[in-house]
Each structure stands twice: as C-alpha cells, then as structure tokens.
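Undergrad: Each chain is listed here by its residues.
Protein chains: 2
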Amino acid sequence: MAARKKTSKAAKPPRSEAKPSEGGPPPGKAKPGEARQTDALVKRRNQKFDTLTVDLIRKTASTVHGEIRGRKKPDLAFPVRSLRNVSYSQKTGYFEMGRQKKIRTLTVNTVKSFAQTLRMMGLSKQLVETNDFATKRDAYYQSKNWEEARFDEQPESDSVMDDIEALFSVQGISREQLRFIPDEHGGAVAGRLVVLDPDRETGEIERIDCTRFGSGAYSIPSSVEQLSFETDAKFILAIETGGVFQRLQSHKFWQTANCILISLAGVPTRATRRFIRKLSDECKLPVYAFVDCDPYGISNIYRTLKVGSGNAAHLSQFFCVPQARYLGVTPQDILDYQLPTHPLVDVDIKRARDALKNDPFFKAHKPWQKAMDQLLKMGVRAEQQALAKWGLNYVIEEYLPRKLEQTAGFLP
Amino acid sequence: MAARKKTSKAAKPPRSEAKPSEGGPPPGKAKPGEARQTDALVKRRNQKFDTLTVDLIRKTASTVHGEIRGRKKPDLAFPVRSLRNVSYSQKTGYFEMGRQKKIRTLTVNTVKSFAQTLRMMGLSKQLVETNDFATKRDAYYQSKNWEEARFDEQPESDSVMDDIEALFSVQGISREQLRFIPDEHGGAVAGRLVVLDPDRETGEIERIDCTRFGSGAYSIPSSVEQLSFETDAKFILAIETGGVFQRLQSHKFWQTANCILISLAGVPTRATRRFIRKLSDECKLPVYAFVDCDPYGISNIYRTLKVGSGNAAHLSQFFCVPQARYLGVTPQDILDYQLPTHPLVDVDIKRARDALKNDPFFKAHKPWQKAMDQLLKMGVRAEQQALAKWGLNYVIEEYLPRKLEQTAGFLP
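Chains R and E, in that order, are what the protein sequence lines are. Taking the working numbering, the leading residue of the first sequence gets 9, the next gets one more, and so forth. Taking the working numbering, the leading residue of the second sequence gets 9, the next gets one more, and so forth.
No lab work stands behind these hints, which were simulated from the structure alone. A portion of the hints provided could be inaccurate.
Because identical chains share one entry, a pair is satisfied inside a single copy or across any pair of copies.
Each computed DMTMM-like pair below joins lysine to aspartate or glutamate, with the alpha-carbon atoms no more than 25 Å apart [claimed, not checked]:
no., residue 1, residue 2
1, Lys133, Glu192
2, Lys358, Glu161
3, Lys365, Glu214
4, Lys120, Asp171
5, Lys144, Asp341
6, Lys260, Asp58
7, Lys67, Glu233
8, Lys374, Glu212
9, Lys67, Glu238
10, Lys374, Asp240
11, Lys81, Asp170
12, Lys260, Glu233
13, Lys292, Glu413
Input sequences plus hints: build the corresponding full structure.
TA: Okay, structure coming up:
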C-alpha cells in the first residue's frame, strides 16, 4: 500500500527563487600544444604503473624462486579478507584492511594452490606486457590449458585471484592494474567532461566528449585505469535510477548546472565506483549522491559508494569515494516536499537497525544516526521519482537547484 | 562440478586459415549536402510519427467525448494481453497478438479506471507536444496530483499504461512513441556506426560516431525512436556478456570484421532490442547472436531477442528482431572446439524440455529441436568465455572469423 502522507497544506509544490548557474565554456578545448603535453603525461603515468606492477610480480616470484633454490620452504603472506580485519577512520574516509595475514607455505598439501597462485601472477604479468586483460571467467578458462595447475571450478580461481588482489593492494596496486577486469558493465556518463583513453595498440589518445551524445551517454569500460580527464565542471552528480539520469541527460541539466551526470543503476559496479573516484581525485570535484530515501539507497548504494563494503576492504582504497556527500532524497525532504511515500517493510527496518547498530560508518556519523532514526520514526520511504508529483521536470527546475545552494548541509 | 569433456585428441585448438575481412573506409563520412538532406529526413520522419500519435489520441478521446454528449455509454476495446491470444508465424517472424478484445465500458463501477485511462492518454499527448517523456514510475507519481483520478499503487498505473500500449500498438504506435519510456539502461554499442540523434529542444542533429569511444562505448538511451543511423558495416553482432563485448571492443574487432558490436548484458532491455531492430531494419543489416550455449542463453536471451515473449506479444512488432540468427555457441561447437563445460542442472533441463514441448518458436524450427535435443543428450552447457581455454584472443583470431565464413549454417 502506498501510504500517501496527508498534509494540511494545499497540494502546491515548494518553490525556490534559485536558478541553476549558467554553463561556462565547452570543456576540452585545450590548445594543441597543451593537448600534446597532456597526451604524453597520460602515457607516462600509465607506463609508470605498468612498470611498477611487473616489477612487483617479478620481485614476489624471484623471492619464491630464490627460496626454492636455497632449499627453503617459500611462503606467501596474504592479508586476511574479512570484516574482522577491517577498520574505519573518518580521516582516511573508507574501510581499511588490518594487518592480519594468512601465510601459504609451499608443502606437499599446498603445492597445487601455490602453483596456481604463481601461474595466475604469471598470467597477470603477461597481460600487462601485452597490454591485454582478462575477466575472472577468462582466467578460469585459460587455466584449462595449465595441465596439473588447472582449476576445476571457477570459485577456486576467483579465490586465488582475490588473494593476489589483496596481496598487491598492500602495495597500492589494484586488480585492474593486474589486468583482471570485472565482467560487469560500467555505468553511463553525460556532461561537461572529456575522457582521454589511449588506444590499446598505438597509444594514440582518443578524446571522448561527453557533451556530444544526444540522448545517449558514454558507457564506462570495464577497466578505467588508463583513462584521464579534462573538465571544467563544478561537481559530479551520481544518480541511482536510469529514469532520473535519462531525464537530466535529455534536458541537459549538466549544461545549466555545469556538472557531470553518472548513472549508478542501483549499487554501482566496480568500474563505475573507480571511475567516479579517479575523476573526483584527479579533477578535485565534489561528488553528490542522489538516491532513493530508503535504507537500501542509504546504507547499500550510498554507503558502498562512499566507504566501500566490509568484506572487500582491500578494495576500498581504490573503489570508494570518501569525498561523496548525500544530496538526497533525505528523510527531511519527504516532509519538506510532501512526497508520496511507501511504508517501510520488515527488511527495510532490519536494514536500518543493523546499520545503526553494527555499521562503523553510521556509528561514526551523528547526522546519519539522526536521519536514520527519523526515517524509522516516520515509518515510510520515498523514491527519487516521487518528485514527479509536482511535475515531471520539478526535479530539474526546483529540487536540484534549491539543494545545490545548500551543499554544506548535505549529509556526510 | 565442471564436467570437463575428455577427448582423445591432444589439447590443441582447432584452427582455420580464414582471416577476418579488411575494414572499409570509416563510416559516416557523408558529404555536407547529403548530411543536410539526411537531417531533414530524420526530422520529417520523427514529426510524422508524433503527428500520427497525437491524432490517434485525439480521435480516441473525441469518440468517447461524442458518445457522452450523445448520452450513450462510451467504451474502449483493448486487445487481450496473454499467451492465449498469441500466434507465431515464420513469415512475420514474431509472436503476434490475436483478435481477442476486452471492452471497458463507462459505468459507475468503471468510472475511475476509465478516467485514469483518459488522463494517462492526456499525459501522453502532452508529452509528445512538449517533446518530453515519462517512465512508468514518473507517470504513477504524476497522477498523485490528479485528485480523484490518482493511482494508489504503481501496479494499477502500470496496468493502465499496458492497456493503452496494447490499444495503440494495433495502430503501429509503440509505448515509446507515446513517450512512456523504460526505467532501465540500454546496452552498449561500439563499431562502424554513426547514430543521428536530434536535440530535444533545437532539433539539431547530433552525430555520434561509435568508432570513437576508446575502450568505452555508446550507451543506448531509454528511448530510441528518434534515432537514425549511417553505417557501412556488414552485420550486427549481439553479445551476451560484458566480458566478451569488452574484449571485442578493446581489440577493435568491429574494424577487422567491419561490424557493429552490441552488448546485451543478459536478456536485452526494451531499448536494446528496439535499437537492434531499428538499426537492422533501416540499414538492412543481418543480426548474429553470440551467447552462452545453455537453455537460458538459447530459449531466454536469443528467443526473446528474435521473436519476443509470450505475455507481451503486443510489443513484438516493435521489439523483436526476426532477422536475428544464432552464431553460437552451439551444442556442436562444444564438441568441435573441445570446450570446457558444466553439467546441466535440473532447471536447465526443465527449461529445455519446456521449450521443446510448449514454445511455438522451437516447435516451428526443426534445426532448433535437433540442437536442443543434442544439448540434452550431452547433458552439459558451455559459456562463451570457455573459448578462452585456447587463448584469450582465440575468440577474435579463430572462432569468430571461422564462424562468419559459414553464416548460412547459423541456426534460425
């Protein structure tokens, strides 16, 4: 049942005198000299990381090789991947992996998984050297030609890959830099942004102008490590639903508000999170999240975007977006904008209570505790499209401009 | 358990002497005169459909209005949306809606839903006239300001919208032409294609060159009715997984094979299916599907792409792609390419048997019955990425070029 909140006021939308700021000049109009310099910079940075990755793989393998030649038992120490081994500090802004390690020593019992780990690292080295990549599934099937070291099941190869990922994450190298890419799609991007993407073979930089896609958008590739950016936008707007993204894109909200729109399509994929993080870091852009006002939107979509998730803390340093702030829809918005609501169901209530009780993020942020308490007391949730009650484009003409005048008041 | 098929042959990949054909000149290099002509054509065609849509809405409403003024009971006749009211002919190539109608007459009991239907049609007219659009959810929330005609629950407004969609589909007007768009993302596109997309406000045509997205791609908008195309590609390759799409895109397979790559990401969304259909129709391009060899890939992903689905036959005329053919992975490929497999589980077997017994598509196509029988006898399934056993780029260098030499042998 849609428990529409009754108010004593007449059904008139709240209005603001605010107008969205005028758009500046089009992005990405660098002079040829500057452009060349940027291209060279992009290439140098990418090469630097590749060299670092290959060096680390070689160093790890050499140590093992040396120990075997010295008739010692080699071992590999992997960080423990679990919520037990996680900490959260507001200063770094994301879940961090602790110091617990699990040691895998080469013995008769471990010889197969030890060999598989080394083969997987060898595959990674080969991928970097040939400027290629593999998905988890590709890697599993590749192993079918590794004879005795082949994996019988994909969960086995996934687990070895996760260990390698955790091992190298300590050195600041992500799985994508090891050239293991996710199988999932990235999100969609539109707005005042030029993406610089070097050709896999020639290294020539393709400049992708995200203002030029009509009603369509730029689809983020599975791996974004090689990308660089040029933009004069003032902020990134990360949007939960495809419907709202399409509305803002078709109405060129990015032009009037001078921003970059990114569609999360629910809980954002690795590629989408990494894209937002890189773009925000490199271009010093604030990130505002615009999601449904319900425990899922807040504690799953937004929390995951901002600080990462507990059981994958070794990823947080690359994938979370600590600079993200919560634009809305807030519990207070439901009242202020007299939004149509749905009652919270049991799973919503459980999720909210869990967050308040167990989640280090919510425990660290008083304003979120208050907001979540308010939501629980109100006993309702609201979707971002509920703003359509006041007109399909109310979100563009009133809600967002008004919100964007008070960014300091956004939830952390 | 991965039941890896054992063969007596040595583990060497099957090879072909075939090389992919050379790419032609870059697409979309029309002369200025030609380009202007195309722009005018695009605009004229879009206006024609909009005029037709508004005329039909007005005609329907006028009839109702006239009957009320004449003190008669007006009614609306909606086609019945169910599998009972569906037929399949190989000639049209998709599930077609039958002639059964349900009549909604204006009475005391139906007055609310009758009014809601007319309001929804009114919203559609307004959207066409302002060149705007709404998702199902937007429309539901819009109704919250329709006073007595407001919907209490979204399923109610969805159902009214589906009826209107079915009503107008008889006249060849789709829901997207009524400006009700899906909330879901479209798929990703890369390759030898220029998409022409008129600006919502100025009508100016944006030309989007899908060869220029680097490792990223063009993300299909929620509605594609307004798009036109320029291409010199020879075919469309529709790909199930994001991983294989990314590989073909990053290695510019579209250049060597002179084609357009489209990522389905599982069962394709409405926008993706409509995009493929429109592109294939307007540019006379064959469509080849490249999906996993399992009952889900065949009877859900491929069958839905090609002929539509039973309970939404009123959509098939717009959304299915009757010209699609099945490139692979076929059950025979599992043997020919000695692919690693997984055993069929109960749900796979049930799905395959259901398709053979009840699905008009499989009942009409002998080659599919044989292929499905073969799969059931083999008792295994294979993923498209299983080709990575022979090397990550075996799919590009051997499998696809070889297959594309024998398109006549593709399953229907």
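Undergrad: Of all the hints given earlier, name the ones this structure violates by number, lowest first.
TA: Structure breaks hints 3, 8, 9, 10.
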